[in-house]
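For the protein sequence lines, the chains are A and C, in the order given.
Numbering follows this note's numbering, in which position 264 of the first sequence is assigned residue number 549; successive positions increment by one, without gaps.
Numbering follows this note's numbering, in which position 302 of the second sequence is assigned residue number 587; successive positions increment by one, without gaps.
Worth flagging that the hints you see were computed from the coordinates, not collected in a lab.
Errors might be hidden in some of the hints.
To be verified - Short, incomplete list of chain C residues facing chain A, as computed with Cβ under 10 angstroms: (1) 302; (2) 823; (3) 909.
What you are looking at is a predicted structure, and each value in this text was computed from that prediction instead of being measured.
Beta carbons are placed, not taken as given, at the ideal position from N, Cα and C, and that holds for glycine.
Letter by letter, the chains look like this.
Protein chains: 2
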Amino acid sequence: MRVMANIGVGQRRLEGRAKVTGATRFTADLRLVGLTHARLLLSPHAAARIRRVGLEAVRQAPGVLDAVSGADLPPAAAPGPDLPLARERVYFAGQPVVAVVAETEEAAADAAALAEVEYELLEPVLDIEAALLEGSPVVLDSPAGGMDDAGAHGVGGGGEDEGAVAAPNVTSQVRFQEGDVEQALASSAVVVRGSYRLPAVHQGFLETHVSAAAPAPDGSLTVWTPTQGSFLTRRTVAERLGVPLSEIRVVPMAVGGGFGGKVCLLEPLVALLARRVGRPVMLELTRTEEFLMGRGGPAASVEIELGSDLAGSLRALRARVAFDNGAGPGGLGALAALLMAGVYRLPAYQVVALDVATNKTPVAAYRAPGAQQAFFPLESAMDELAERLGQDPIELRVRNASRQGDPRPDGQPWPRIGLTECLEAARRHPVYTSPVAEGEGIGVAVGAWGGGREPAAAGCRVEPDGTLLLHLGSVDISGTDTTLAMIAAETFGTSVERVRVETGDTGTAPYAGMAGGSKTVYTVGPAVQQAAAEARRQLLQIAAEELEAAVEDLELEDGEVRVAGVPGRSLEVGHLAGLAAQFGGRYPPVLGQGRAAITEASPMFTVHIARAHVDADTGHWRLTGYAAIQDVGRALNPPEVEAQIHGGALQSLGRVLGEELVWDGEGQLQTASFIDYGLPTIDQAPSIQVELLEIPSPIGPYGAKGVGEPPAVPGPPAVANAIYAACGRRLRELPADFGRLLEAPAPADLVEDTVR
Amino acid sequence: MRVMANIGVGQRRLEGRAKVTGATRFTADLRLVGLTHARLLLSPHAAARIRRVGLEAVRQAPGVLDAVSGADLPPAAAPGPDLPLARERVYFAGQPVVAVVAETEEAAADAAALAEVEYELLEPVLDIEAALLEGSPVVLDSPAGGMDDAGAHGVGGGGEDEGAVAAPNVTSQVRFQEGDVEQALASSAVVVRGSYRLPAVHQGFLETHVSAAAPAPDGSLTVWTPTQGSFLTRRTVAERLGVPLSEIRVVPMAVGGGFGGKVCLLEPLVALLARRVGRPVMLELTRTEEFLMGRGGPAASVEIELGSDLAGSLRALRARVAFDNGAGPGGLGALAALLMAGVYRLPAYQVVALDVATNKTPVAAYRAPGAQQAFFPLESAMDELAERLGQDPIELRVRNASRQGDPRPDGQPWPRIGLTECLEAARRHPVYTSPVAEGEGIGVAVGAWGGGREPAAAGCRVEPDGTLLLHLGSVDISGTDTTLAMIAAETFGTSVERVRVETGDTGTAPYAGMAGGSKTVYTVGPAVQQAAAEARRQLLQIAAEELEAAVEDLELEDGEVRVAGVPGRSLEVGHLAGLAAQFGGRYPPVLGQGRAAITEASPMFTVHIARAHVDADTGHWRLTGYAAIQDVGRALNPPEVEAQIHGGALQSLGRVLGEELVWDGEGQLQTASFIDYGLPTIDQAPSIQVELLEIPSPIGPYGAKGVGEPPAVPGPPAVANAIYAACGRRLRELPADFGRLLEAPAPADLVEDTVR
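Just chain A, same shape as in the assembly:
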C-alpha cells in the first residue's frame, strides 16, 4: 500500500508567509490609477419614509464627482432594504441612503454630511414577540405570513401548511413533526421546559466590508472584493445592473475574515457608481458602518419542551424557534429545525421555525448559521433533563443519540455519523474526568452541522519546471488552498512545495461555489483529485512513450518518472511536461481537469466540554478548562484542522462571553464599535484541547469531512451547563455577563411555559 506523503502530514499555510510579512494585498490595499472613493450617508432612523433627498450642496462640495440617492439608481424589480441605496423607505437605522463619490475618502465623507434628507418617521418594530402580534406594523413590503415555498423546499420537504402561524412579519416558516407530540409530552415521566434567547452577533472580522470596481472602455466592469463567493457575487452584481454575466468580472481578493458574512454587500453599489463616474471607485466601511450595515447573525427566541421516560429515553420534543432577522427575509429556520429534531432519537416531535422581520440591521450567515440557535436550547434542555433524571449528561446523550439509519426529519436516514464516538471520547476526556475545584462545574454539549454541497471544477497543469499548477475558482477563507494543494500533491505524486495555487477570477476560473457550509475541501477536493489524477495519467503516457516502457511499470517520485527496477531509466516531470509545451511537440499539453458534484453530505458532529468557575456572590465567572472533540472524517492537514477547531470554539464562546448587538427602543444600535461590542479578548479564552476523531467519510477526499462549522456551535450550551453545575443557575439568555448570571433562574425557578 502506498504511504501517504502529504495527507495527514502537517503543512504550513501556502499563503501564510505573505500574510505574516504583510505582502498580501487586500482589497483596501489596491491602488488603481484614477481611483475615486465613495462614502455613504446612513439612515438615522429605523423606520421612515423618505420625503426628499437634497444633494445640491453635496454635488457642489470640493472634490465631489457624483452624489446619488436610491432614486438616481436604476429601479430594481423588488423594493426593500436590500437595494444598494434606500428608495422611498428606510427599514433600519444604518441603511445607506446617499452615496458620494469624490477624489478622496475625506472629501466624500465631508460632502455626504451636507446631504439633506427629510424623513417621515414610522413606528419601528424592534421586538420579535411584538413583531408577531396581530396589528403590528409590517416591516417589509412583501406580504408576510404564510408558508414560504423556498424555505420549506430548501430542506427537502417536510414543512406542512396546516397549523401555519398566521402572524405579521413572519417571512417564512417551517414545521417538522412526527407522532402525537401533545400526547407524548403528557405521557412523559419528566418534561423540562424553557424559553431561551440568543442575541444578534457580528462576525467581527478584522477587515470591514470593502469593494472596488472599475469600468473598462468596452463597457464591462471589474469588481475586486474579498468575497467568499466570486461567482455568486458576479451573478448578484449582473442582476442588479441588468447586464449579462459576461460583462462583470469578479476578482476574488484575500479575505480578511469572512465567517459567512462576506459574500455580496457593497459590490452592486460600487459597480453602479463606477459605471456612473467612469472611473474606479472604492468603498470601505468604517468599523461603525460595518456594525450598522454589515450583516451579522440573527437573534433568536426559542421555546422548548423535552420529555423522557424515567430511564432517560426521550419521548417528545416540542419547540418553536423564532429568528429575528432584522429587515430581511432570513431563512435559517429550516436548518435550525432540522438539527433540533434530528440529533436525538425522538418518537414524537414538533418543531416550528419562524423567520421574523424587524426594523433592525438585516442578518446574513455567520459560521454554522442557525445551529447555535438550535443547540443552545436543546443542549441546555438535555443537561436539565439529565439532572432531573439523575443521569450522567453524556450517558443520557449516548442513549438517545441518532445513529446510522435513524430517520431524519427530512425523511432521509442518517448516514454513518460520529456522534456517539464523540460522546464516548468526551466521557474519557481529562477535562471531563478530572476532579472539580470549589466553585467549578463541568458542562458538555453536542454540536452538529449538516454540510453544504455544490458542484465544483478544478484544473491542474504541469509546468515545464515540474511545478503543479492548481487552478481554482474557490476562495480560501480557512486554509483550504493548502489542503487542496496537498490533495493535488498526493494524487499526482509530488510534494506540496511543488504545487502552486492560482485562484482565478470569474472570467476564467473553473466554477466553484461560495466558501461556506464547511464544504470547500469536501466539494472542491474531489474535483482537485480528478484533475491531478488526470494530469498524472497524461504525464505517465508521455513518459511511457519516451522511456519505451508500459505505464504500469512507471513510478512517479521525487519529481521524476522512473521505470521500476531499471536504475537510470528516468525522466524529470518538468522535462516531460515541457515536451508537450514546445514548438513541434507531439504530445498534447499536460492539463488535467476535474468536475465533481457530490450529492450526499457527510454530517459532522462534535462535543465540547467546558469547565467554569463561578463566584456565586458576584456572578464573576471564568472558563477553567475546555475540550473540543470532533469527528473530522480524516484530518488532511492536522494542525490546520486543530486551528480551525480552536478558532471556531473561541468564536462560539464569544456568544457566551459577551458578544451581543444591542438596539435601543428606537432601533439605534448601541454597540457599533469594538468598545461597546464585547468581542472576547485573549485573556478570557480558555486553553482549548482539541481531540480529533477520524471516522472516514465514504465521499469526501481521502475520507475528509467538513471542519469549520461544527466547533462554532456548542460553546454556549457547554458553558451554560458548566455554570449551572458550578452555581446552580441556568442561563437562558446569552451572553452570560455577570449581571445576567445573577438574574438567571435558580433550580427552583424553572420556567414552565409551554410552547404555543
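Please build the complex by placing chain C on the supplied structure of chain A, with the hints as guidance.
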C-alpha cells in the same frame, strides 16, 4: 447532414468594435500606480569594446530612480548581443548599453544622455560576402563555422557534414542534395543562372516594442506585453532572471502589429529593472529605437542555377542562400532550402543555406520568414526559364509542380497539396488572361509555407446565461479569436454572438504556442473543437436527465435543448448550465477541455499574378493589376481569410515597392524612420483580387489550413516577372526602385555566375 451555421459564414472580428472605437487598451495605455519609465542609451557604434560606463551624472539627474549598464545586471550564461544591456562589447549600432528608470519618460531620456560611455572601436563586419572571407573579423563570440546541429535537425535531418562551408561568421548551415547536380546541370538543355539580393526589412507594425513589469510584494513579477507568445516570453524572462517559471506571470496584451517580430525583446530588461526599483516600470521604444534595435527580417544573397530539358522538365537546381542575420544566429537557412528544393520535382539538386553574422541589427521572424528569400530567386529563375524555352510560365510550373507523394528534401512525401490547383486557377484568372496594354506586363509566382505545429489546449465553460466562454492561451494577431469562437459555436451548436473569448495570462491559461507559423487556428482549433464538443456532451447529459429523454433524442438549437419531435419539451442552455453551478446542484459544472497535438502539417500554396506598367525611359513603374489565388483548405471566416491575403500580399509587395533597411559603411542605419524607410503607401497598392481554393486539410479544423503566411511570399517575384515582361529588364535586387530598375540587367546581360 447538418448545415454549418457558423463555418464559412463571414463574421465580424470580435475585438473589432473595441479597436475601431479606441476602447482597446494596448500596453502603452496601461496605467499602473507608481509606474516609472525606462529609457535606453543605445550604442552609436557597430562594433566596439566598452571601456567604461560612467553613470554618476545620470544617477544624480532629477527624477532618476536607477541607472544601469550591463555590468550591473546579473551575469548571463552566454554573453553576446542578446543580453538585455551590452556587457564588455557592442555588436551593432543601436544595441542598448544603458537603461535609466525615472519618474517620467522625459526625465529618463534626459538623464540617459548624461551617461559617459567610452568605447574602443573595432572593425565592423557589414557586408555578407566580406563576412564570409577568410580573415574577416569574427562578429559573435561563439565559434562560427561548421555544421550546426540544431539548424540541421530542425528540419528533420538531411543536412550533411561533408562539403560544409568553412568560413568565418557562418553560425549555421544546411545542405540538401539529391543526385549528381553537376552532371545534371551540364546535361541540361537550358540553364539559367542568377545572383539575387534581398534587403533587410522591418515588420513596420504601428505599435513599437513596449513592455511593462511590476514586482509583487511576494517577489513575483507580472509582465504586460503585446507578445505573440506569452508562454515563450515567460520562459525567456524566467531564464534571464534565474527564477522559477511560477514567479513570472505574463499578461498578453493586445498586439498592435506583430508579424513575427513581437515575441520577447524588452521583457527581460523591464523585469530586471522593475525588480531593482521595486516599482512598475514601462519601456516603450521610439520609432527610431524600434528601427535601430527592433528585429526585422534578414537580408539575403542568393545564387541560383536551374536547368531543364527542352520540353521544360526541370533537371537540376543548384543554389546557395546566405542570410545576413546581423549580430545574431539567425536560423532560417533550413527553411529556405527546404522550400527551394521541394516545390518542384527535381531529379538533382544541391541547396546550401548559410546563416551569417554581421555587425548590424539582429534579425527575427517576419511573416513567412525564409520563404521570400527562397521564392524571389526561384520564381525569377522559373520565369527566365519559361522565356528561354518559349513556354507559358504557368504551363512550365504545372509541368514541374510537386504533387502528393513526391519526396521532399527532408525525406517526407508531400501530402495532398494545392499547388497545381492554384496554378490552374491562375491560368484562368482574368488578371492573367485579359489583354495587356502598351508597356504592361504580366508576371506570376508561386509561394508556399509549410506551417508550424505546437501542442495546444483550450477550455470551454457554459455560463448560466447561456454564453459559451472560451478560455485560450493563444494570442490573437490576425483574427484567430473570432475564428476559434466560430469553431466553438459550430461545434457546440450556438452562434458566435454567444461566445466570449477569455485570453488567459500564463498563470491560468491553457497552454498554446506562439501565434506564428500560420498555426493558431490549425493547432488551437482542434483543442477548441474538443473542448466545445465536450461541453456540449456534458450539457446534453444534464438535459437528458432533466427532460427525461435519451441524449440521442435531443437537439441543441437557438440556445435551447429540445426533445426532437416533442414541441414544448425544451430547456434553455443557460438554465441547464446553471443547474450545475448552484448550491446543492447535482450535476458537475459544464466545463469542456480540449488538448491537441497535431503532428502533421498541411502545407499551403499560393500563386500571385501581377500586372505592371513600366516607363522604359524613366524606370517609373506601377502595379496595374494583382491577383492572389490561395488554397486555404477551408475558409472558416471568408472575409477574414481574404483580408489576411490582402494584407499579406501588400506586405510582400513592400519588399519590391521600396522597403529596405540600409546601413552605411560604418554600420549606421540610414533608414531609422518612416521618412527614410519606404513602407508602401496606399496609392502604391494595386487592387488585389483574392481567389480562395478549398482543398480541405484532413487534419485542420473543418478542413482549414493556415492562411497568414503564404500571401506574404510571392509578391516580389510576381512583380519582377511582370516588370520583365513589360520592359525586358530583370530585377535581381529588391526593392525595384526606379534607379535600380534602369540598372537591372537587360536580356543580353544574363548573369552567368555559377554557384560556388
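The hints, checked one at a time:
Against a cut-off of 10 angstroms between C-beta atoms, the interface hint on residue 302(C) holds, since the closest Cβ of chain A lies about 8 angstroms away. Contact between residue 823(C) and chain A, as hinted, is supported at the beta carbon level, the nearest pair being about 8 angstroms apart and thus within 10 angstroms. Violation of the interface hint for residue 909(C) is found here, the shortest Cβ-Cβ separation to chain A being roughly 41 angstroms, above the 10 angstroms cut-off.
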